[in-house]
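Undergrad: Note that the sequence shown covers residues 1 to 226 in this note's numbering.
By construction, these hints were calculated from the structure, which means they are not laboratory data. If you're wondering where the values come from, they're calculated on a predicted model, not measured in any experiment. Every residue, glycine too, gets a C-beta built ideally from N, C-alpha and C. Hints may contain errors.
Simulated restraints on C-beta separations [what the hints assert, rightly or not]:
#	residue 1	residue 2	range
1	E214	S68	20 to 28 Å
2	N96	P75	19 to 27 Å
3	D163	L92	30 to 38 Å
4	G95	D163	32 to 40 Å
5	S68	S141	15 to 23 Å
6	D108	L69	20 to 28 Å
7	K202	T150	13 to 21 Å
8	D198	A111	14 to 22 Å
9	D149	A91	18 to 26 Å
10	L92	N200	14 to 22 Å
11	F205	N105	16 to 24 Å
12	K151	A216	26 to 34 Å
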Amino acid sequence: MRKLLFLLFISIFFISCAKTKTPYAPLAIDDNSTTNNLRSNLFNRFDLGNNSNNSNSTPLLNLSLSPSLGSKSAPLTIINPKGGSAITVWALAPGNWLWGYTLDNSKDFGAARTWQVINLGDDIVLISNFLTNTCIHDEGSGITHRPCDTKNKSQQWHLSAMDNGAIQIKSSASSKCITTDLGSLTQTGSYYSLAMRDCNFKPNFNQQWVFIPEAAPTSPLLGYQQ
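The task is simple: from the sequences and hints, build the whole structure.
TA: Below, the structure is given as structure tokens:
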């Protein structure tokens, strides 16, 4: 009887929680949609370096940015959540094109797929590669990596947060956005071209990017030993 009452109480608890929770609305690929799912002013919405922020709202994104301008964030992987395309330096010499590689297909690249965000203020950042210390550069049709230059608008990127926490990366030079071909997270051994395209302010997948802790090699679990 006690077990029955306990299960009944748990059921009532979860039902009441479900009624008060805001439903999740997944994004859809629909170019005809008029819904704008982008939020601008990422850094102004939540001051990542301001410990005195008393807002009860959870920040959409935490890039571990230093409060001082010009400081680098923690190492990050920048990946498309739909197809698993992670922005990667595939050739170390500056001026080479950047490609999107799935994590399983870029294990040998190591830190070439790791990035750091450099806050320039006013929602503008440089994106520096952890291995080469070069920055993502807008070439007009695609992106390369070149020596970092804070004054070069082709390396200045505006980050806009989407409702689902993903980020749109817009060039200050061309006002276009980094766009990836789409694959599937279940695909292996895949890589995708990265292009600069007109920014899509409607729900979309191929201009979505998430900034996650750097992808690092892991060791197999050898099992429990006493």
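Undergrad: Would you mind marking each hint as holding or not holding in the structure?
TA: Consistency of the hints with the structure:
1. E214 - S68: 20 to 28 Å: Given a distance of about 22 Å, which is inside 20 to 28 Å, the answer is holds.
2. N96 - P75: 19 to 27 Å: Holds, since N96 and P75 (Cβ atoms, about 21 Å apart) stay within the stated range.
3. D163 - L92: 30 to 38 Å: holds, 37 Å
4. G95 - D163: 32 to 40 Å: holds, 36 Å
5. S68 - S141: 15 to 23 Å: For S68 and S141 the Cβ distance comes to about 35 Å; the hint is violated.
6. D108 - L69: 20 to 28 Å: For D108 and L69 the Cβ distance comes to about 35 Å; the hint is violated.
7. K202 - T150: 13 to 21 Å: Check failed, 32 Å falls outside 13 to 21 Å.
8. D198 - A111: 14 to 22 Å: Distance hint for D198, A111 is violated at roughly 32 Å.
9. D149 - A91: 18 to 26 Å: holds, 20 Å
10. L92 - N200: 14 to 22 Å: violated, 32 Å
11. F205 - N105: 16 to 24 Å: Check passed, 20 Å falls within 16 to 24 Å.
12. K151 - A216: 26 to 34 Å: Cβ of K151 to Cβ of A216: about 33 Å, so the range 26 to 34 Å holds.
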